[in-house]
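Trainee: Below, each chain spelled out in residue letters.
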Amino acid sequence: SAVISQKPSRDICQRGTSLTIQCQVDSQVTMMFWYRQQPGQSLTLIATANQGSEATYESGFVIDKFPISRPNLTFSTLTVSNMSPEDSSIYLCSVGEGAVNEQYFGPGTRLTVT
Amino acid sequence: AQTVTQSQPEMSVQEAETVTLSCTYDTSESNYYLFWYKQPPSRQMILVIRQEAYKQQNATENRFSVNFQKAAKSFSLKISDSQLGDTAMYFCAFMKPLNQGAQKLVFGQGTRLTINP
Numbered sequence: 223s224a225v226i227s228q229k230p231s232r233d234i235c236q237r238g239t240s241l242t243i244q245c246q247v248d249s250q251v252t253m254m255f256w257y258r259q260q261p262g263q264s265l266t267l268i269a270t271a272n273q274g275s276e277a278t279y280e281s282g283f284v285i286d287k288f289p290i291s292r293p294n295l296t297f298s299t300l301t302v303s304n305m306s307p308e309d310s311s312i313y314l315c316s317v318g319e320g321a322v323n324e325q326y327f328g329p330g331t332r333l334t335v336t
Numbered sequence: 043a044q045t046v047t048q049s050q051p052e053m054s055v056q057e058a059e060t061v062t063l064s065c066t067y068d069t070s071e072s073n074y075y076l077f078w079y080k081q082p083p084s085r086q087m088i089l090v091i092r093q094e095a096y097k098q099q100n101a102t103e104n105r106f107s108v109n110f111q112k113a114a115k116s117f118s119l120k121i122s123d124s125q126l127g128d129t130a131m132y133f134c135a136f137m138k139p140l141n142q143g144a145q146k147l148v149f150g151q152g153t154r155l156t157i158n159p
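As given, the protein sequences belong to chains A and B, one line each in that order. Using my numbering, read the first sequence as starting at 223 and increasing by one per residue. Using my numbering, read the second sequence as starting at 43 and increasing by one per residue.
Bound-form chain A, shown alone:
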């Protein structure tokens, strides 16, 4: 499976600021995904990012709050804008590949908003 890296691995940010999370893949992939995992919770899909098209957001997530870029087939960014303590979560990117386009995950970014 693809090797996926994320930067930063963790950060502590002040409310009202923004943080951009990077996701890098060692091979070209069509589909990339961004998930949020709130403390002690399961994962929820934020959006699907395909190269060459606008990201598709899930209900409850909006582009103004979580803008996503997908400039090429190996890279994507997720920005968490105007942060509040409720945004404290682990943010994970994943890529779809394999026989059934199963998803493989990056190591995640632990964000704490104070």
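By construction, these hints were calculated from the structure, which means they are not laboratory data. Treat each hint with caution, since some may be false.
Stated by the list, open to error - Calculated lysine to aspartate or glutamate pairs in the EDC-like style (CA-CA distance at most 20 Å, straight line): (1) B:K146 x A:E280; (2) B:K112 x B:E71; (3) B:K112 x B:E94; (4) B:K146 x B:E94; (5) B:K146 x A:E324; (6) B:K138 x A:E280; (7) A:K287 x A:D309; (8) B:K97 x B:D68; (9) A:K287 x A:E308; (10) A:K287 x A:D233; (11) B:K115 x B:D68; (12) A:K229 x A:D309; (13) B:K120 x B:E57; (14) B:K146 x B:D68; (15) B:K97 x B:E71; (16) B:K138 x A:E324; (17) B:K146 x A:E276; (18) B:K97 x A:E324; (19) B:K138 x B:E94; (20) A:K229 x A:D248; (21) B:K120 x B:E52; (22) B:K146 x A:E319; (23) B:K120 x B:E59; (24) B:K138 x A:E319.
Position chain B against the provided structure of chain A, taking the given hints into account.
Mentor: Same frame as chain A, but now just chain B:
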């Protein structure tokens, strides 16, 4: 909309024992995929095993196997000869095929598994 339910928030077994984690799901689709993911304290999500709904044979990967009951919409994970490194949060997940729309993983709430020495 699809839902996935894991009814066991926590489980604990002794090393070398066999343990079964439960998962049920709800869908009106006839073709789909089911997965078990493992998330150790390092937080890296690791794909453990997958099952295609159109396959009757249960998937196996070394010490990991599933019991897939399509009619009952049940998908349990059995870990044989459990090891300390199996200690992790385990998530059951559902996904539709690519030709049926957005490939969104729908996760259950997770089961925290502890393997004791």
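Trainee: Next step is simple, just say for each hint if it's right about the structure.
Mentor: Structure-based check of all given hints:
A hinted pair counts as satisfied when its Cα atoms are at most 20 Å apart, and B:K146 with A:E280 qualifies at roughly 9 Å. Distance hint between B:K112 and B:E71 is fulfilled; the C-alpha atoms sit about 11 Å from each other, no more than 20 Å. For a cut-off of 20 Å, the pair hint linking B:K112 to B:E94 stands: about 10 Å separates their Cα positions. Taking the CA atoms of B:K146 and B:E94, the gap is about 15 Å. The hint holds against a cut of 20 Å.
Proximity of B:K146 to A:E324 is assessed by CA-CA distance (about 10 Å); at most 20 Å being required, the pair is judged to hold. Between B:K138 and A:E280 the CA atoms are separated by roughly 15 Å; this keeps the pair inside 20 Å, and the hint holds. A C-alpha spacing of about 10 Å is found between A:K287 and A:D309, which places the hinted pair at or below 20 Å, so the restraint holds. Of the supplied pair hints, the one linking B:K97 and B:D68 holds, its CA atoms being roughly 18 Å apart against a limit of 20 Å.
Between the alpha carbons of A:K287 and A:E308 the distance comes to roughly 13 Å, so the proposed pair stays at or under 20 Å and holds. Between the alpha carbons of A:K287 and A:D233 the distance comes to roughly 18 Å, so the proposed pair stays at or under 20 Å and holds. For the given pair, B:K115 sits about 7 Å from B:D68 by alpha-carbon distance, which is consistent with the 20 Å threshold. Between A:K229 and A:D309 the CA atoms are separated by roughly 17 Å; this keeps the pair inside 20 Å, and the hint holds.
At roughly 14 Å between alpha-carbon atoms, B:K120 and B:E57 fall within 20 Å of each other, so this suggested pair holds. Among the hinted pairs, B:K146 with B:D68 is consistent with the structure: their alpha-carbon atoms are about 15 Å apart, no more than 20 Å. At roughly 15 Å between alpha-carbon atoms, B:K97 and B:E71 fall within 20 Å of each other, so this suggested pair holds. In summary, the hint linking B:K138 to A:E324 is supported, as the alpha carbons are separated by about 10 Å, within the 20 Å threshold.
Only pairs whose Cα atoms come within 20 Å are accepted, and B:K146 paired with A:E276 is accepted, the gap being roughly 16 Å. With a CA separation close to 16 Å, the supplied pair B:K97 and A:E324 stays within the 20 Å bound. Our distance criterion of 20 Å between C-alpha atoms is met by B:K138 and B:E94, whose separation comes to about 10 Å. Among the hinted pairs, A:K229 with A:D248 is consistent with the structure: their alpha-carbon atoms are about 14 Å apart, no more than 20 Å.
Between the alpha carbons of B:K120 and B:E52 the distance comes to roughly 15 Å, so the proposed pair stays at or under 20 Å and holds. Under the criterion of a C-alpha separation no larger than 20 Å, the hint pairing B:K146 with A:E319 is consistent with the structure, at around 13 Å. Simply put, B:K120 and B:E59 have alpha-carbon atoms about 11 Å apart, close enough for the 20 Å limit, and the pair holds. Straight-line distance between C-alpha atoms of B:K138 and A:E319 comes to about 14 Å, which keeps the hinted pair within the 20 Å bound.
Comparing the model with each earlier hint shows no violations; every hint is respected.
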